[in-house]
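S.K.: Letter by letter, the chains look like this.
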Amino acid sequence: MSKARDIASAIPAPSTVSSAELGFLDGVTSAIQTQIDTKQASSTAVTLTGTQTLTNKTLTNPVIASVINNTLTSTTGDIIYASAANTPARLGIGSTGNVLTVASGIPSWAAPAGGGSLTSIASGAFTNTAELDLTTISGSYKHLQFIARNIETNGDRALRARFNNLSTSIYNAITITNINGTAATAAYTAEDKFVLTAATGQNPLYGPLIINIFDYADTTSHKNVTVEFSHLNNSGQICQMWLSGTIRTNDAINRLTLSLSASTFVAAGTYTLYGVN
Amino acid sequence: MKILEHNCTTNEVFERDATAEELAQRVIDEAQDVQAELDAVAKATAKAALLTQLGITAEQAKLLLS
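Chains S and W, in that order, give the protein sequences.
Residue numbers for the first sequence follow this note's numbering, so the first one is 2 and each next one is one higher.
Residue numbers for the second sequence follow this note's numbering, so the first one is 15 and each next one is one higher.
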């Protein structure tokens, strides 16, 4: 009679304890609380092992509400963001080279903004002609830059620039020249051209000529122009010329003409007209 | 007189004869340059005469003005 079951079978059950209740003690070999503690470590913590399914359970600390389902990220490269408060949404990966940006308050992938560019509009070589006439220049760019290399003239001739074939008194400029160490300045307010070199003693040889025309397609204001020209003259002296000028026309610039006071260019130099954005 | 024209829209490059307007402008430009040369010579002559009158050299005049 070593087990509670035997007691329950052998003797009449006490008035306060039924035989069924005594039967519940069958198999007890130590303190009941000790045995319960081995099954559940504490009264509040739950230890889950193996695969478990919880239904309608509330995690009180920490609180996790409406957990984001991993199926939201359905495709490699997906990013999760909030499309509204407390509203997770999926942002699919962008194209190669895209950058993450913001549009209308939410993230999106977009091509990076352009950092400016030069586009060759026209290029070629000087010939033995009296003028180079660049016509029908597109207005699709912000600025224009004309670069000529190795300009050379047949004889000691002045080089000048006109725009839109305008030869009225609309060219204002200040120029600074340095001829072999001798500096000179000149200013004019109503010339019929930009004078880039004087007629005597400065005929250009070899020099790079750079003409910048700012906001050339604008139709509401005058056009600002800068010119840089470094060259040798016919005596082999090093010369520099800088010009800051204004073309007093509101018309878009669509034509650039380089001309000489006489004679012709030598068929040696090259030119390129760039559109600048 | 020949002009090298480059149409920047069609990229056509060709030599053409100057128009009557361009030829007339060329005459004006040449006259202006001749006058500019005469003015430059006259200015240089006047400078030299003034230096002689003052009894100083061009370098001394430059020093005075620096």
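Any given hint could be a false lead.
[Said to hold, decoys possible] Derived list of chain W stretches under chain S, where covered just means 3 residues or more per stretch with a C-beta under 8 Å from a C-beta of chain S:
| id | stretch |
| --- | --- |
| 1 | 23–34 |
| 2 | 68–80 |
[Unchecked claim] FRET-style restraints, in silico, Cβ to Cβ:
| id | chain 1 | residue 1 | chain 2 | residue 2 | range |
| --- | --- | --- | --- | --- | --- |
| 3 | W | LEU68 | S | ALA187 | 20 to 28 Å |
| 4 | S | VAL103 | W | VAL27 | 27 to 35 Å |
| 5 | S | SER141 | W | LEU79 | 27 to 35 Å |
| 6 | S | SER222 | W | LYS76 | 34 to 42 Å |
| 7 | W | VAL27 | S | PHE215 | 22 to 30 Å |
| 8 | S | VAL277 | W | VAL48 | 56 to 64 Å |
| 9 | W | LEU68 | S | SER141 | 57 to 65 Å |
| 10 | W | GLU44 | S | SER222 | 43 to 51 Å |
| 11 | W | GLU44 | S | ALA187 | 36 to 44 Å |
| 12 | W | LEU79 | S | SER222 | 16 to 24 Å |
The set of hints was computed from the structure by calculation and includes no laboratory data.
Glycine included, C-beta positions come from ideal geometry on N, C-alpha and C.
S.K.: The structure should be examined with respect to each hint, and the outcome stated for every one.
M.R.: To see whether the hints hold, each was checked on the structure:
no.	hint	verdict
1	23–34	holds (count 6)
2	68–80	violated (count 0)
3	W:LEU68 x S:ALA187: 20 to 28 Å	holds, 25 Å
4	S:VAL103 x W:VAL27: 27 to 35 Å	violated, 47 Å
5	S:SER141 x W:LEU79: 27 to 35 Å	violated, 49 Å
6	S:SER222 x W:LYS76: 34 to 42 Å	holds, 41 Å
7	W:VAL27 x S:PHE215: 22 to 30 Å	holds, 26 Å
8	S:VAL277 x W:VAL48: 56 to 64 Å	violated, 37 Å
9	W:LEU68 x S:SER141: 57 to 65 Å	holds, 59 Å
10	W:GLU44 x S:SER222: 43 to 51 Å	violated, 33 Å
11	W:GLU44 x S:ALA187: 36 to 44 Å	violated, 20 Å
12	W:LEU79 x S:SER222: 16 to 24 Å	violated, 38 Å
Of the numbered hints stated above, those contradicted by the structure are hints 2, 4, 5, 8, 10, 11, 12, listed in ascending order.
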